[in-house]
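Student: In case you want the letters, here they are:
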Amino acid sequence: MYATNYHRASSVEDAVQLVSGGDEAKFLSGGQTLLPTMKQRLAAPSDLVDLRHVAAMKGISVNGGTIRIGAATTHAEVANSAEIAAACPGLCHLAAHIGDPHVRHMGTIGGSIANNDPAADYPAGLLALNATIVTNTRSISADDFFTGMFDTALEEGELIVAVEITAPAKCGYAKFPNPASRYALTGVFVARQGDGSVRVAVTGAGSDGVFRQAEMEQALASDFSATALDGVSVDDSDLMADIHASSAYRANLVKVMAKRAVTAAG
Amino acid sequence: MGMEGIGARVARKEDKRFITGKGRYTDDMVAPGMKHAHFVRSPHAHARIRGIDSAAAEKMPGVIAVLAGDELAADAIGSLICGWMIHSKDGSPMNMGDWRPLAQTKVRYVGDAVAIVVADTKAQARDAAEAVEVDYDVLPAVTGSIDALKDGAPQIHDNAPGNLIYDWEIGDGAATDAAIASAAHVTEMKIINNRLVPNPMEPRAALGVYDEGEDHYTLWTTSQNPHVARLVMSAFYNVAPENKLRVIAPDVGGGFGSKIYIYPEEIVCLWASKKTGVPVKWNCDRTEAFLTDAHGRDHVSTVKMAFDASNRIIGLKVDTIANLGAYMSLFSSAVPTYLYATLLSGQYAIPAIHANVRTVYTNTVPVDAYRGAGRPEATYLLERVMETAARELGVSPAELRKTNFIREFPHQTPVIMCYDAGDYEASLNAAMAVSDYAGFAARKAEAQSRGKRRGIGMSCYIEACGIAPSAAVGSLGAGVGLWESAEVRVNAVGTIEVLTGSHSHGQGHETTFAQLVAERFGVGIDTVSIVHGDTDKVQMGMGTYGSRSGAVGMSAVVKALDKVEAKARKIAAHLMEADESDIVIENGELKVAGTDKSVPWFQMALAAYTAHNLPAGMEPGLKEGAFFDPANFTFPAGCYICEVEVDPETGKTEIIQFVASDDFGKIINPMIVEGQVHGGVAQGIGQAMLEAAHYDPETGQLLTASYMDYTMPRADDLPSFQVSTTETACPSNPLGIKGCGEAGAIGSPPALINAITDAIGNNDLTMPATAERVWAALRSAR
Amino acid sequence: MVSVSMTVNGRTVSGQCEDRTLLVQFIRENLGLTGTHVGCDTSQCGACVVHVDGKAVKSCTMLAAQADGSEVLTIEGLASGGELHPVQAAFRANHGLQCGFCTPGMIMSAVDMINRHGGKLDEKTVRAELEGNICRCTGYHNIVKAILDAASTMGDGTRVAAQ
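Chains as they are written, first to last, in the working numbering: chain A, 1 to 266; chain B, 1001 to 1782; chain C, 2001 to 2163.
Careful, some of the hints might be misleading.
As the list claims (entries may be wrong) - Listed next, with one range per pair, are the computed distances between beta-carbon atoms: (1) A/17 - B/1192: 57 to 65 Å; (2) B/1211 - A/11: 52 to 60 Å; (3) A/237 - B/1188: 33 to 41 Å.
Unchecked claim - Straight-line Cα separation of at most 30 Å, DSBU-like style, residue types lysine-lysine; simulated pairs: (4) B/1559 - B/1597; (5) A/58 - C/2120; (6) C/2055 - A/58; (7) C/2120 - B/1652; (8) B/1652 - A/170; (9) B/1150 - B/1089; (10) A/255 - B/1652; (11) C/2124 - A/255; (12) C/2124 - B/1452; (13) A/26 - C/2055; (14) B/1122 - C/2055; (15) C/2055 - B/1022; (16) B/1452 - A/255; (17) B/1016 - C/2120; (18) B/1623 - B/1597.
The set of hints was computed from the structure by calculation and includes no laboratory data.
Each residue gets a CB set at the ideal place from its N, CA and C atoms; glycine is no exception.
All chains, full assembly: derive it from the sequences and hints.
Tutor: Here is the structure:
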């Protein structure tokens, strides 16, 4: 790791202030991706602003149909939240399969989506759930937030404070992990809203990060069942190919995982 | 057997320090004034070094020195050696390219060390290493063995034209060709044995300490064989004479072969300690380990197996190309020859065998012995061919094997080895019974009803371990003898120290070696200490690899115990005025048979050291040493059966059951032996289903250089294993031990692949059988 | 440089370190507690697992400065008064370790796992929960067995042991 300067923020305002003070300052949330990246000297922030002690960024609340998750809430807290389990069980399932137990004790929802790793789980969940990402300055819809591989709509120094989700009628997530990294080789989150509309979001497979699968959304809107996807063919031309999987295999997984996500949604 | 003697399932003595965090590994060592090293490594797979500019790095904070290859050469530090001479079939010696500990003129793989930076902290050393400017003239690289042999391939070493190291053969080519020509059936296959990274969980480390006052060097290192390290560093690398060099391998966190070799970093840390006047510690991070630890396997073979009309094998012809990487590592030349081709008869009576082996240089890290070393390659090739032949011939895999099993011993194969004992059908029958082989069809049908594909596969392996008779390996080109040593010291109060040249890095020697003493004298294992891993404490020894600690290391202990026992009997007989032949040793006492006379063990020991009342002419003291040189290799063998269920939608394979039935001869501690099988099978499953080192063929970059990309087996990839043993005694050593360290890794890959190919109905499958490969094979089978 | 102060194995410790110092480096180098190991660079192997404020975390993926003010438990602090923790005892009784390098992290993970699951552990759950700990020696067989054994000793759970 290159030399850096550590700061501990006490509030959202303090965090934003601190991060504006460094040349190449970065927010440090759970650190489960940022710190390994720094250890390998692939990132060299001049300053790190620790968000783990900002009370306003923590916690889960469910009011009516609205779920609000503080950005500094850990994966373990989401996975084990009875309130979320009652309103949006697919999200608990997703959070319970990020990384491993130790990573889930530290990693946070805000950190995950700010990084927008093309194989991370949360981007698929939040995109399919049509979440709203609340920052210190504005609210951003998931459709606008995830702009490409490792890229988001966040401005310089802008801080995610919370994520808000309207509880879906049904949802499910199915992930085929990369056997080495355990990130998603392909993960598909399916959500059906009360009005019958369906959103399907795919992570791990896209060559430019998380994306929505329109054809599947249409098929499922008229018939929310795994068999409704039988006729859908997945084009592999925009899918990722690397030493772990060809685009053709990922295309197969998109369909298989989508069907399993629908089955899991019940 | 006593409570703690031979055959007892004794919990390990060494565990307490490991489970309480008190193990002492090399990276835990701190020397006064110690500084930290980081190596400048080549980012290119193949390049000429035009120059090295370390001026900026030397001015960085905390930097003590930046040292490069020219300074090392000026101090006459030698090049790394390969310790086993192989001659090509035309009689010419192998082409050994020069391997400098720090490259001077050329780098040949990504990670090749160029310079060492010593600084106050590890982070400062790494910071400064990035500031060392190396001017490279980048050359084209080649990483695959087949490509390296092609006309026009980049030339890696000047003295190895066409990158060929040797072109070697074994067996009778004409007889084998004739058998194939006359065969009723010939099964032909191309077999690839994937390249693996050993990955012991403790990364390598070295701490070099030079003492100017004594002109003496101490090296703490992650080694499986500290004495061999001292020998090689003295005799070939010119670091220090043996009497001025102490090598200590303290607790070592796994080896699997990769810590046999003496690596550049160990040599350079010692040398740099003298150059800088401070103790120099280096510890490897995991990516550095991927780039620089010797890799394993990487064979491409074609094979023809010929059968007569009654399904008896009449000939086997094998052609193998083995990738040895950029330099010849310490035992690399022996692995694809004498540790591989000599096992190509497997468990079968085969009258004619011929194997041709070519080894090649490539721009990859050196390849050497990794758990099994040659024998997994032979077993995988043979056992896939056997299963395939059974399918082609329309007979059951078990029947085809039974038709061809060797049943009389000793059995001389056409490829050097003379098998001394075994009962292969007993292992096969045991494994089939445990796996309920007969009930497989019903299980397959049940799986089919759930949309899953079930398959079952077997593998009947043999290996040669307990390496080995020194004269025999010497005649085959080995540069060292492969005996082992022991010294048994009975202290004046009766406690016992056993000094062994074997080295434990997870095998549990501190317990099992003590069990030998408990068995012999009836003393508790807590009164026995096993001393190993320090050249200043222990007499010369050859270390641990090739499953040799039991068959060879323990045999040396037995010989030393024989001598101690003989003297103890004399002393006891003298003390009790009895006849030596009437002395019985049991429960910590020396008794006169048929009387109530006895002397406690400690009292006999005290008498030996007070020397007030010893038999006339007897020297005081009770301490004996022995060297054991085995009469033959040992031949563990067994049968593994694997049952899998494949998800046809994703190609993902789930291992439903894995059954191992092994014949290891005599077993000292079944609990530890089972643990060795579990670990070996897990590594074999890793090879078959998960693990592969991938180099980019254009750039020579290692694409799988961390656990993000290299799939290590994890708990949820594996089932619990069903492990059992059968026993035929090994006649080649006093305990009848065959060895168990590598069997699991040798026998398991073909069992798993045979099961998957059975499940999917397509035999065209290459390791590792990843979900995608299985999915693709399923589709092409339709 | 930062000043950090934390409670490690019940004892208050403080020290100065570079901001970039990882918690595992602070534990090993500043405190000399070398039972916590480093086996990879990518936060996967779990040899470095310790408990911070009661939860298992990877001490190679946390800065020492982040742990300022926290309670840390390492493998050295697990046994109390010379008596092994039931998980330590179970690892020994079931031969759940060979080279010992991954063992401290395995044991700290197992304690955390049993704390969270109590008696509900079964073989499948244990294997899934071990995703963040890599062992190269044991094939996990006896580790799984040891954890199930310890869970049954410690909790009210039923034992579904690996054979």
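Student: Does each hint fit the structure? Answer for all of them.
Tutor: These are the hints, each one checked on the structure:
no. : hint                       : verdict
1   : A/17 - B/1192: 57 to 65 Å  : holds, 59 Å
2   : B/1211 - A/11: 52 to 60 Å  : holds, 57 Å
3   : A/237 - B/1188: 33 to 41 Å : holds, 38 Å
4   : B/1559 - B/1597            : holds, 28 Å
5   : A/58 - C/2120              : holds, 29 Å
6   : C/2055 - A/58              : holds, 17 Å
7   : C/2120 - B/1652            : holds, 28 Å
8   : B/1652 - A/170             : holds, 27 Å
9   : B/1150 - B/1089            : holds, 20 Å
10  : A/255 - B/1652             : holds, 15 Å
11  : C/2124 - A/255             : holds, 27 Å
12  : C/2124 - B/1452            : holds, 20 Å
13  : A/26 - C/2055              : holds, 25 Å
14  : B/1122 - C/2055            : holds, 29 Å
15  : C/2055 - B/1022            : holds, 22 Å
16  : B/1452 - A/255             : holds, 18 Å
17  : B/1016 - C/2120            : holds, 28 Å
18  : B/1623 - B/1597            : holds, 25 Å
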